[in-house]
Each structure stands twice: as structure tokens, then as C-alpha cells.
Amino acid sequence: MNKKMTKNKFKPIKTYGIEKDRLLKMYFDMLKIRDFENAITDVYSRGLMNGLAHLYIGEEAIAVGVCANITSRDYAVSTHRGHGHLIAQGADLDKMMAEVLGRKDGYCKGKGGSMHIMDASKGILGAIGIVGAGIPIATGVAYSAKYRGTDQVSVSFFGDAASNQGTFHESINMAAAWKLPAVYICENNLFGISVDLRKVTGNPNIADRAVGYGIPGVSVDGNDILEVYRVTQEAFARARKGEGPTLIECKTYRQKGHHIGDPGKVYRLKKELEAWKKRDPIKTLKNRLIEEKIVKEEELIYLEEEAKKLVKAAVQFAEDSPYPEPEEALEDLFYTNRRRNKVND
Amino acid sequence: MTKLKKVTYSQAICEAIDEEMARDKNVLILGEDVGILGGNFKTAVGLYEKYGDLRVKDTPISENGFMGMSLGMALTGLRPIIEIMFSDFLLLASDQLLNQIAKIRYMSGGQAKVPLVVRTTIGAGRSSAAQHSQSLHAIMCHVPGLKVVVPSSAADAKGLLKTAIREDNPVVFIEHKMEYNNEYEIPEGEYTIPFGKANVLREGKDITVIATSNLALKAVKAAEELAKEGIDVEVIDPRTLVPLDRETMITSIKKTGRVFFADEGYERCNVVAEIMMDLMPDIFYYLDNPPERLCLPNIPLPFSPALEFPLIPDQEKLCKRIKKIFKD
Numbered sequence: 053m054n055k056k057m058t059k060n061k062f063k064p065i066k067t068y069g070i071e072k073d074r075l076l077k078m079y080f081d082m083l084k085i086r087d088f089e090n091a092i093t094d095v096y097s098r099g100l101m102n103g104l105a106h107l108y109i110g111e112e113a114i115a116v117g118v119c120a121n122i123t124s125r126d127y128a129v130s131t132h133r134g135h136g137h138l139i140a141q142g143a144d145l146d147k148m149m150a151e152v153l154g155r156k157d158g159y160c161k162g163k164g165g166s167m168h169i170m171d172a173s174k175g176i177l178g179a180i181g182i183v184g185a186g187i188p189i190a191t192g193v194a195y196s197a198k199y200r201g202t203d204q205v206s207v208s209f210f211g212d213a214a215s216n217q218g219t220f221h222e223s224i225n226m227a228a229a230w231k232l233p234a235v236y237i238c239e240n241n242l243f244g245i246s247v248d249l250r251k252v253t254g255n256p257n258i259a260d261r262a263v264g265y266g267i268p269g270v271s272v273d274g275n276d277i278l279e280v281y282r283v284t285q286e287a288f289a290r291a292r293k294g295e296g297p298t299l300i301e302c303k304t305y306r307q308k309g310h311h312i313g314d315p316g317k318v319y320r321l322k323k324e325l326e327a328w329k330k331r332d333p334i335k336t337l338k339n340r341l342i343e344e345k346i347v348k349e350e351e352l353i354y355l356e357e358e359a360k361k362l363v364k365a366a367v368q369f370a371e372d373s374p375y376p377e378p379e380e381a382l383e384d385l386f387y388t389n390r391r392r393n394k395v396n397d
Numbered sequence: 280m281t282k283l284k285k286v287t288y289s290q291a292i293c294e295a296i297d298e299e300m301a302r303d304k305n306v307l308i309l310g311e312d313v314g315i316l317g318g319n320f321k322t323a324v325g326l327y328e329k330y331g332d333l334r335v336k337d338t339p340i341s342e343n344g345f346m347g348m349s350l351g352m353a354l355t356g357l358r359p360i361i362e363i364m365f366s367d368f369l370l371l372a373s374d375q376l377l378n379q380i381a382k383i384r385y386m387s388g389g390q391a392k393v394p395l396v397v398r399t400t401i402g403a404g405r406s407s408a409a410q411h412s413q414s415l416h417a418i419m420c421h422v423p424g425l426k427v428v429v430p431s432s433a434a435d436a437k438g439l440l441k442t443a444i445r446e447d448n449p450v451v452f453i454e455h456k457m458e459y460n461n462e463y464e465i466p467e468g469e470y471t472i473p474f475g476k477a478n479v480l481r482e483g484k485d486i487t488v489i490a491t492s493n494l495a496l497k498a499v500k501a502a503e504e505l506a507k508e509g510i511d512v513e514v515i516d517p518r519t520l521v522p523l524d525r526e527t528m529i530t531s532i533k534k535t536g537r538v539f540f541a542d543e544g545y546e547r548c549n550v551v552a553e554i555m556m557d558l559m560p561d562i563f564y565y566l567d568n569p570p571e572r573l574c575l576p577n578i579p580l581p582f583s584p585a586l587e588f589p590l591i592p593d594q595e596k597l598c599k600r601i602k603k604i605f606k607d
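Chains as they are written, first to last, in the numbering used here: chain D, 53 to 397; chain A, 280 to 607.
Simulated from the structure, these hints should not be mistaken for laboratory data.
Among the hints, erroneous ones may be present.
Claimed, not checked - Not everything, but these chain A residues come out facing chain D in the computed CB check (under 8 Å):
| hint | residue |
| --- | --- |
| 1 | 388 |
| 2 | 392 |
| 3 | 483 |
Glycine residues also receive a C-beta, built at the ideal position from the N, C-alpha and C atoms.
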């Protein structure tokens, strides 16, 4: 992989010499996320889902571009808008959808829901519902990697709004001071619910803050998956070599409201949304793959159909899964060797 | 017969950490001034020199940040011990402690295991005023998902801390800052004390006094005085508030027919109110008197010793209140 990268470094092509299989997998993973989120809108409208659903539509290139660098040994900490990170990391769509519908076969047995899906086996150590709260957790994971002498990397996903929490500052400062193998991915979609980042932030270029911590900060087009992939690849290499953390700001836009139920209209300009939709991350990759004659359109259409099938099957699996029994609400508070958890322990 | 040795309360804490760090390479300690200074209360003396910078980590003043980091460490196989200098500062880290650490196992349907210890201090009496004197352990008990330990003597502190470090769930370990320099006899060698086992510090037949942290020791002294007046006090130290050893307390109250609680937290929503309510269905018909409590009045702690000491629950106030029960 690295050899090939070097060889192609100066060729004016836009796919950076990334192998076809990897490009197709990226395309497929983005489709899975898009279809999964669309399916959630559908189950929501059918009254099958309760609670909050924060959709990742429009931001798929970030999760997939970043996670294409993650090996099975690495870790990531996700957010309330976390479905994309999990799918990009290879989480099971059936168990994800079952969790979203509050069923027994969900990842968290119905205790977490859409906002808190965890797949520890894939290194996703939690989806954290408090804005910015995942950043120190991911930083501790990076400390642990260094402590144990591994070359593991810890990725922290968070949004633009989280960058104004104290946890952002506290964590990145410590990671910089101790050269921890962390990669900080700021998904800058410009809005914290309805509040425009540009109205509440002195300098809305989040990557600029890296200077203050003495670490590299890079701003990339978050709708261009290959840019995201290339920049995070460098950050991963730095982290693995013990050179410390990197702050990467991926500029993007959520094509939907903050959650299902928020039409996302009153606080933003229609023409801004339309402009970003024209640069949709999935369409952008598709066009490039066809333009550069890397694939035939039929191959992509096949993947589009396959992704839809997988998501459809996931919805079916979730609908067929039973609800947990009420008494299960009292389990899983504390770890016990006896696999028995009493609420008052 | 176990051999005893004399150490201060801080030395006992230090020994527990040292022994556990030597026993398990995944144990590390981090916090403000735990490194070169050996801890603000001298509870980590010599550890930095012995175990090095990676395992004994001085942090910046970023309580929420390093509290959250400890969770990341615990989720990936380490067993961090965090030192939060004063329980007042726990509030800075309360999102990570109460929303993340306490909940991640539950939210993930049991996927996460969180072996970490948060050590902190409570107690007034140092003229430290309203932001360095509070006893906020009740808040830790309110939120499900944390085990809460309030040791009294140095011997208990050592044995319970070793159990806390070996525990596979998050533990908030609450030390009383007025005890650090006091000398105690503790057993030689390694030992642990299990959670959820209250300690009957003194047997008596007239009244049960349930007192937390170092008030348990003060209650024993009060009991000796009261004995001279013919009041035979049974003193129980719950040791751990979560889990709570209800049985020992119920048995005692059924025997004495009276119960008095003492705790240094603010009176309103004090943890003893919860304990009393929890025990009530089992003790109600055995009580000869209404249960009473001695806590900190509902006021921030003032600076001047002339104002501070009259507020703090102590041996003298305990004696007075208990005598009154028997006078009435």
C-alpha cells in the first residue's frame, strides 16, 4: 500500500493510487450508512421507533474515510450521531437496527438505543450522548495504548459544537503534552442543533486551534472521502510512530435536521443546503470512479442494490426480534463474576 | 494473632497503592501533584521514584479531562486510580464520573467493564472555607453505577482500598482529610476488606449509632464517655455506602430499639436519610424512639475557626444529642 502510494504520488489522478477494491468498499460502506439512515426515517414514520435519531446523511465520507485506516486492533469513540462510525467500522447492521428499535437482540439489549450503540469487539468503545464527552475517553484509550506499548491508535469523533466544550481543550492538551497516539476528527457540519458555528465561535476554522497545542491541524473537505482518507492516513502514521496526536477538521454539512423531527429549515439557508447537496459525498465518489474509468457503472449499481438488501434484512431482523422483558431493565449495572446484578449493589 | 504496626493514615493509603501497583502492572495512578510531590496529602510518597512517570502521572488541572481519560484506560484493560484532591473538585469532573463512568456498562448492555478507583477527600476543620471542605459523598451514592467507600480507620482504609483497586467496577473511595496525619495500628503484611460488610466497632445494648467515615471513630470515643453515665452504645461503621450492609444494622437496631445516625455531609438529603428510609420497613416496629441524626447544618463552611468548628459534627455534639434521647 505505502509503496504504491509513493509510486503514484506525483501522478495527477484524484484517487491517489488507492486500490480498486478499497475504493469499492468505501463506496459500499457509504451506501450502507445512507440506506441505514433512510431506513431509520422509515421505521420512525411507521411508529416503530421511539426517542431521538440523529442522522449522519451527508457526512458519510468522514466515517468511512477515517475508518478505512483503522485496523481491528485500533479504537474509536463515537457520538450521539454515531451510526456512521459503527457501520464504517464494520458493525453488524442487524444488531444495530435491533438496538435502534429497542429490541432484545440489539447491541446493548435495548438499553442504549440509537445514541449509545457500542461494539466493543470492533473497538468502538461507546457512543457518547453528551456533546464533547467522548474526547477525554478516547484520549485515555490513547494513553492506554502507549502504556501497554502497542502501536494502536485511538480515534475521537466529535462535532464542531463539541470543540467549544472544555473537554476538547483538556484532552487535546494532554495528548499533545504526552505525545499520545490519538487522532481527533472534528466533523464540522456548521451547526450545533440550530446554532450556526460562525455565530458563536471567534474563529470557525477548528483546525487552526492545533497551533495552540503545538500539534498538526489539518482542514479537509469532509465530503471528499479520498481527501479524508489521505489526511487521516498521515495522522495514523504519525500516531503509530509515537509522534503524537493530530487534529483533523472535516468540513461537511448535515443534509437533514439535528434529529428526525427537526426539519432543519429555520436556522439555515436553503441555498447553502442545496450547494452542499450538489457536493454529496456518495455522488462525488461515484462520479470520480466513473470519470477515471476505475469502474463501470454496473458495478456500482450492483453495490447499491446489495447495500439496500442488507439494510432491508436488518430492518426485518429488528422487527422480528422480541422486546426485552421488563425485569431486564435491572440487569447490567455492575460487573459480577456470578453474572448476577442486583440493582442495589 | 495478627502482628500490628504503627503508621499514619496517609502511609496506610500509600502502602495499599504501592502493594497493588507491585502486584499488577496494569495499575497506575494519575492526578494533580501525585508525582514528584508524592500527593498533596502525602498518599503517594515514593511511588513516582519507584514506578516512573508513565505509571505515576502528574496531570494538568483538568479534572473532567483526566477523569474521562481514566474511563478510556479502564475500557482497554488498565486499572487506573485517579486522585481528585478535594471532593469539591469532583463537581468539575461530574459529567465524566456520573454520566460516563457510572453508566457506560449499563448503556452498552454489559459490554463494558470499568475497573477504576476515584480517590478523593472530605471533611472540614482546616479553615479551608466553602470550596475545600465539603463532604459530597451523598451525591456519589445518588447516581447508580458507582460503589462508594467511606473508610474510618487507617487499617480499614488500607484493606478497603486494596479491594477497590481489585474491583471490576468503578469505585469512589472517600478519605477523610483530617485523618491523614493521625497514627493508627494496622496489621502487618497484605490484607483486604470486602465491600458490603459493616463493622461493629463497639457492642452495646441501649442504642445503635451508625456513623460514617471518621465519625465512626468519634462515635466510639463518645460511647466510652456515655458508658460512664450508664448508656451502652453500639457503634456501627457501614464502611461502604454502596453496597450497603443492611443486615448488620437491622440486627443491631432490633436489639437496641434505638438508632442515631452521624455523617459529615450537609443535613438535607444526607446519605443517612436514605439509609434510615431503606432500613425503616425492617425496623419500624422495633423502635422505642424516633431515629435522629447529626449532620452538617445546611450552610456553606465558613473560614474562621470560630465559625467553622461549631458546625462540624464531633464527639462532643454526639454525646450531647445521645444523652438528650435518654433524658427525654
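Here is how each hint holds up against the structure:
1. 388: holds (3 Å)
2. 392: holds (5 Å)
3. 483: Status violated, d = 28 Å.
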